[in-house]
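Just remember that my numbering sits 13 ahead of the position in the first sequence, which is counted from 1.
Just to be clear, a hint being listed does not mean it is correct.
[What the hints assert, rightly or not] Subject to a maximum C-alpha distance of 20 Å in a straight line, what follows is the list of computed EDC-like cross-link-like pairs (lysine to aspartate or glutamate):
no., residue 1, residue 2
1, K381, E26
2, K90, E125
3, K200, D183
4, K381, D356
5, K133, E286
6, K200, E333
7, K160, D234
8, K381, D348
9, K398, E333
10, K381, E422
11, K109, E91
12, K399, E422
13, K47, E181
14, K363, E332
15, K25, E286
16, K90, E117
17, K240, D207
18, K90, E72
19, K398, D373
20, K140, D186
21, K133, E81
22, K240, E264
23, K321, E332
No wet-lab data here; the hints were simulated from the structure.
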Amino acid sequence: MRQSHLFTKTRKEIPADETSKNAELLIRAGYVHKEMAGVYAYLPLGLLVQEKIKQIVREEMSALGGQELIMTALQSKELWERTHRWDDEVVDVWFKSELKAGGEVGFGWSHEEPIGNMMKNYLSSYKDLPVTLYQFQTKLRNELRAKSGVMRGREFVMKDAYSFALGEGDHNDIYEKMKGAYLNVFKRVGLGNDTYVTFATGGAFTQFSHEFQTICAAGEDTCYISKEKGIAINAEVMNDEVLNTLEVTREELIETKTAEVGNIFNFGRQKAEDLGLMVKTETGENIPVWMGSYGIGITRLMGVIVEKFADEKGIVWPEEAAPFTLHLVTLNTDDAEIRDWADGLYANLKRAGIEVLYDDRDARAGEKFADSDLIGIPYRVVVSKKGKEQGSFEVVTRATGEVRNVSEEELFQDFAAPIET
RNA sequence: CGGGGUGUAGCAUAGUGGUAGUGUACGCGGUUUGGGACCGUGUGGUCCGGGUUCGAUUCCCGGCUCCCCGACCA
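Please build the complete structure, drawing on both the sequences and the hints.
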C-alpha cells in the first residue's frame, strides 16, 4: 500500500484522554479511532493487524478440526431466562433493547447459550459428536468502567469456540488440543515466553479452569508464577490447598501483574442439561452432551502486544502480527531517478507477494523515520540517493535497530514469501 | 455503582466578567532536504441547558462527557 493514499496520519501529541500506552500509540500511529470510552474503531492499519491475529487463530482452530461460523449480535431474552442469566442482578454487563413489535432483546456479551441452543437443531446422535465450532464476534459488554485502552472495552472482538462431546474422555481430548492450540497462537504472536497456562476459578464443574495469562505491567490480574516449573496461579485461587494440589511452594512463586489473553472452560454436562441439548447414545438413551468454551480476546491481544514490545519511539510489531512485513521508505523524492527506482522496487516486492507499506510521500527523512518507528513495521527498507550510488538498500530491523546494506537480490532472498506447495 | 478530577480549533494547551492566545496539523509563497527543518502568510475554537449580570468562555445550578482510584469482571 502506498502511504500517500493512507487516509490516516500520525500525531506527535499524546491524546489527553488516554493514559494507557496501547491506546496512546495505536491512536498516534493511526491504527484506531476512539469513538467513546472503551469503544474503538479499527482503521486500515488496525484492521490489518486484527486480521493477522485472527488468521493465526483461524489456522490453529482449523488444525484441531474447528469449524468457523458467526452467531448473531441480537439475542433472545427467553433463551437466557432459561439458564437464569437474563437478570441484571446475575449478569451486570448486559446491553438490552426493545423490539418495536414488542419484547426485549439482548446484545451478545457471550454466545454460550445461543450456540448451545442452536445445536439442538443439528446434534441428535452420538454419531454427530464430537464437534468444535468457533467464531470471531464483536462482544458488547456494558462495563461500568472501561479502561486500559483496547484491553478492556465495551465493544471488542473475541474468538470464542465451543466444543460438544459425548463423554468426558472425548471432551478432555479436545480440551487438551485446545490448550496446545492456544499456546501455539501466543507463541506465534511473540508472547510465548511470557504466557502461562494459569490455574483459575473453576466454577461448578471442575476445581480449576485454565486461563492464559501474559506477563504485562498494564494487565489487570495478579498471578503467582514459577518460571522453572512453568506454573502460574491466579491470585484469586491462591491458597495452601491449591499449592499442595499443584505440588508447589509459595517460595517458588513470584507475584506478577498479568493480562488474561485467553481462557478455556469446562462445563461438564451441566450447560447442555440446562439447555436441553441431548443426544442418543448407542443404546438409545438420551444424555446431555459434554460442553467446553474457549475464548481469546483478539483486540485485547493486540493491546497486550503493543504494551509489551513498544519502545520510546513507538510500536514494535512481531512479524506475524504486523500490518506489513516491510516499510519501504524512499528519501530524495524530488529526484526522479530515485523515485522511479523506488516505484520499481515496490512493484517487484508486491509481485513477490511481500506485504509492503510504501512511504512514497514527499516528506523529509526525519519525519519519515519518526513515522516509520511509530508505526512499527518489523523491517524498514530505505531507498535513497546514497544507496543508489552504492546499488544497495538499507534494511533496519525495528526491534533491534540493526542496520544492514543489501542488494536487491539479497532483499528478495530474505523476504520473498515461500511458494505455497 | 461510590469517591475524585476534567471539558477552550482536527490534536495538544494558555488565559480572561468586556475583541480568546500559543504550539502542532492544514492551505498558500519561499529557502531547505538522512532523524519530526526554517521564514512569511492564511483558514479554523470556549460541551449542553438554565440562572446571576448591561455583558458569561470565565461566577452559580443541573445535565452530559472523558480520565483516575475503588467495587465489578460468572
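Against the structure, test the hints numbered earlier, and report the numbers of the ones violated in rising order. Numbers 3, 9, 10, 13, 15 and 18, in rising order.
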